[in-house]
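S.K.: Fit chain B to the supplied structure of chain A, relying on the hints for placement.
Number of protein chains: 2
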Amino acid sequence: MKKNVLIIGAGGVGQVAAHKCAAHNRLLGDIHIASRTIGKCHAIIDSIREKGSLQDPQGVLQAHQLDAMDTAATRALIERTGAQIVINLGHAFVNMSVLEACIETGAAYIDTAIHEDADKICETPPWYANHEWKRKPRCAERGVTAILGCGFDPGVVNAYAALAVNEYFDQVDSIDIIDINAGSHGRYFATNFNPEINFREFTGQVWSWQGGQWQSNKMFEVQRTDDLPVVGQQTSYLTGHDELHSLSQNLNVPNIRFWMGFGEHYINVFNVLRNIGLLSEKPVTLDNGQSVVPLQLVKAVLPDPASLAPGYVGKTCIGNLLKGVKNGQPREVFIYNVADHVEAFAEVGSQGISYTAGVPAAAAAMLIAQGVWDVRAMANVEELPYQPFINLMNRIGLPTHIREAGREDALVQFAEQASLA
Amino acid sequence: MKKNVLIIGAGGVGQVAAHKCAAHNRLLGDIHIASRTIGKCHAIIDSIREKGSLQDPQGVLQAHQLDAMDTAATRALIERTGAQIVINLGHAFVNMSVLEACIETGAAYIDTAIHEDADKICETPPWYANHEWKRKPRCAERGVTAILGCGFDPGVVNAYAALAVNEYFDQVDSIDIIDINAGSHGRYFATNFNPEINFREFTGQVWSWQGGQWQSNKMFEVQRTDDLPVVGQQTSYLTGHDELHSLSQNLNVPNIRFWMGFGEHYINVFNVLRNIGLLSEKPVTLDNGQSVVPLQLVKAVLPDPASLAPGYVGKTCIGNLLKGVKNGQPREVFIYNVADHVEAFAEVGSQGISYTAGVPAAAAAMLIAQGVWDVRAMANVEELPYQPFINLMNRIGLPTHIREAGREDALVQFAEQASLA
Chain A
1 MKKNVLIIGA
11 GGVGQVAAHK
21 CAAHNRLLGD
31 IHIASRTIGK
41 CHAIIDSIRE
51 KGSLQDPQGV
61 LQAHQLDAMD
71 TAATRALIER
81 TGAQIVINLG
91 HAFVNMSVLE
101 ACIETGAAYI
111 DTAIHEDADK
121 ICETPPWYAN
131 HEWKRKPRCA
141 ERGVTAILGC
151 GFDPGVVNAY
161 AALAVNEYFD
171 QVDSIDIIDI
181 NAGSHGRYFA
191 TNFNPEINFR
201 EFTGQVWSWQ
211 GGQWQSNKMF
221 EVQRTDDLPV
231 VGQQTSYLTG
241 HDELHSLSQN
251 LNVPNIRFWM
261 GFGEHYINVF
271 NVLRNIGLLS
281 EKPVTLDNGQ
291 SVVPLQLVKA
301 VLPDPASLAP
311 GYVGKTCIGN
321 LLKGVKNGQP
331 REVFIYNVAD
341 HVEAFAEVGS
351 QGISYTAGVP
361 AAAAAMLIAQ
371 GVWDVRAMAN
381 VEELPYQPFI
391 NLMNRIGLPT
401 HIREAGREDA
411 LVQFAEQASL
421 A
Chain B
1 MKKNVLIIGA
11 GGVGQVAAHK
21 CAAHNRLLGD
31 IHIASRTIGK
41 CHAIIDSIRE
51 KGSLQDPQGV
61 LQAHQLDAMD
71 TAATRALIER
81 TGAQIVINLG
91 HAFVNMSVLE
101 ACIETGAAYI
111 DTAIHEDADK
121 ICETPPWYAN
131 HEWKRKPRCA
141 ERGVTAILGC
151 GFDPGVVNAY
161 AALAVNEYFD
171 QVDSIDIIDI
181 NAGSHGRYFA
191 TNFNPEINFR
201 EFTGQVWSWQ
211 GGQWQSNKMF
221 EVQRTDDLPV
231 VGQQTSYLTG
241 HDELHSLSQN
251 LNVPNIRFWM
261 GFGEHYINVF
271 NVLRNIGLLS
281 EKPVTLDNGQ
291 SVVPLQLVKA
301 VLPDPASLAP
311 GYVGKTCIGN
321 LLKGVKNGQP
331 REVFIYNVAD
341 HVEAFAEVGS
351 QGISYTAGVP
361 AAAAAMLIAQ
371 GVWDVRAMAN
381 VEELPYQPFI
391 NLMNRIGLPT
401 HIREAGREDA
411 LVQFAEQASL
421 A
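So the protein sequences, as listed, match chains A and B. Under full-length UniProt numbering, the first sequence has 317 at position 317, and the numbering climbs by one with no breaks. Under full-length UniProt numbering, the second sequence has 111 at position 111, and the numbering climbs by one with no breaks.
The hints are simulated quantities; they were obtained by calculation from the structure and are not laboratory data. Heads up, a few of these hints could be off.
Since the list gives no way to pick out one identical chain from another, each pair is judged satisfied if it fits inside one copy or across any two copies.
As the list claims (entries may be wrong) - Pairs of lysine-lysine, DSSO-like flavour, derived with a Cα cap of 30 Å: (1) 282 - 299; (2) 218 - 134; (3) 218 - 315; (4) 136 - 120; (5) 218 - 299.
Chain A with its partners taken away, still in its complex shape (with noise of 0.2 Å):
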């Protein structure tokens, strides 16, 4: 049982985090937003306000400066705020400083996405042992709970794969976790969430889970079509991503692969400016003398993913597509969620994506609140148990939808009365 949230990041995340949790600061207590810039900080508290998203109009809502790469300087903002949550959506770079911090003072811990160095890309796979993992027995000595990885992918197709394999399967062969955004932002081009993040995921090789070990490809070599609720037929690539990394050591399944839904226009850029050198990590030296990382220009020329918002229409489309059998027949089942780029702006000021991302985090919050998730130590989200978090977000609009080969009159909204017993 804990309480005061401090929400570090001032993006498209913590936008939706910060509205979520303001809607629940009768159980969450006071809330904090810190960021490197503190005008982000203070625009999120202003639509916050305009929205009239505080539960308790009375509460505490306060934003912060923070360089979240500085350990003292977050425990020191952890210490003065109170807070005994911390929702980490600052950049993949924080992760180990922000969790540091919370090792140190006793916070719990929640993040969106896998850690990652500046300097590397693509480490060995399991990506979450060469550095959240070895933190696991600092957790469980001093009794720190910290959540890796809740945001919707990884995060809830995490709590999906779960239940499919404890209670739809008696045996999964296959897990492919397929992610499509068939919204339109109506620019020339642009990146969901933080660009050099985004392109990172797609300038190394490839990893999967495949007949119970790790397999390389390359982006875009390998591809599927499907023909999926709401959104229809879509294209989509085999890609490396996180939750592959803990799904593969935590459940007993030998095929576990990621699907994310790109178009020919996002293939082009993206290989453009991959082939030319552009997206690389790595500094090269201008005439001038500067050392400049070429990937660090791109994002800075590319739209802030945060001002796309206004104008996004469409909808997103990611679930599980689990194989397998129950009771000796084999089954196929597609557990998902639909959300809606206008309606995530009309809520929380924020494009879809990042609603998607942003409520399991103040979820994960809102479970530690009240105890059920308070494990008081590091798990990820298929160890923890996925009934509660998947009712709370059919209540606080991630509504799960199961769709159930051979079975489609049985498309359902998983909703709390299902069959979960």
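M.R.: Chain B in isolation, oriented as in the chain A frame:
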């Protein structure tokens, strides 16, 4: 009658000019090569010695370090070397400082491209009036020979225009300068000369001279397809280019246009880079506070044009298509050169694009040394005697050919004995 040559700039074009000057050093005297990076000058000198290009092996051939933006340093080098002829093949930003040093010392000046200020692209036409032509009175007062734009285009094509206007037509209605590189360097993407200067040609508006006035179009908005000698069917695009800005003022021709050939792949890469903002000459600020000019980073990641030479295959075809009237009859003539990348590399260690730009600059130096072009004033190439220039290039590597519509049998090399009387 002048002697001793200082070549400023040690890129691919500088290498060609240095080889050609070395091969005529009994006429030209001492040969000096200067660059910001003296190692590039040494490499050119090594190449000249390896190939035994020095006509008089005892002649002076020296490398110098020089920042050509520094007029005083340039003036000092001219004085120290006793150079009476300066061939400026540095980037387009140094023209005014090098010209000033020539005016102050009395040395003859030759360049191959219009001056640009680094923070401006595509100034008001005619471009020469913004910088070079403002120095015309001082050149005349001091008797300084300054030959502007004496590469292939601008340069040779200006001589072709003067030749045709004077000898092939009573009245010329249109000059279409067509520049096709049908060669292949085998890289994913590269520019054939300095990428920064190259891209700056295409990111502004496209100026052309039509109906006796300036017309503005967008890049890749207007295209044509021609069946050209040797290189065959080729598509080219209306492009802004230096020579239009003097030919329009010096010749009484109502339509003068420049067309550059681009493949679909080049256009795709260019459009991606431009649309994202990576070809901008205006600095952007990175997250770490660095101020970076995107175009300078793009230059840094692309291959050095000089590095393309060893594997370059195929040919270039650059020429003037002229339409008009002669003796009351419509006439159409194409005056052109075809250069070969492999032959250029074998002869001087550079690719064909550098070759077509460097040979005319060396030819100009030789004509000044002979007194033929030592006009003691500032001039564009079409204002100078074209016959000795074309004749000289016939002998030193860039032969001129003429194809006349309706007389396909009359495809001839334009030799000294041709009808030039």
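S.K.: Broken hints, numbered, in rising order?
M.R.: none
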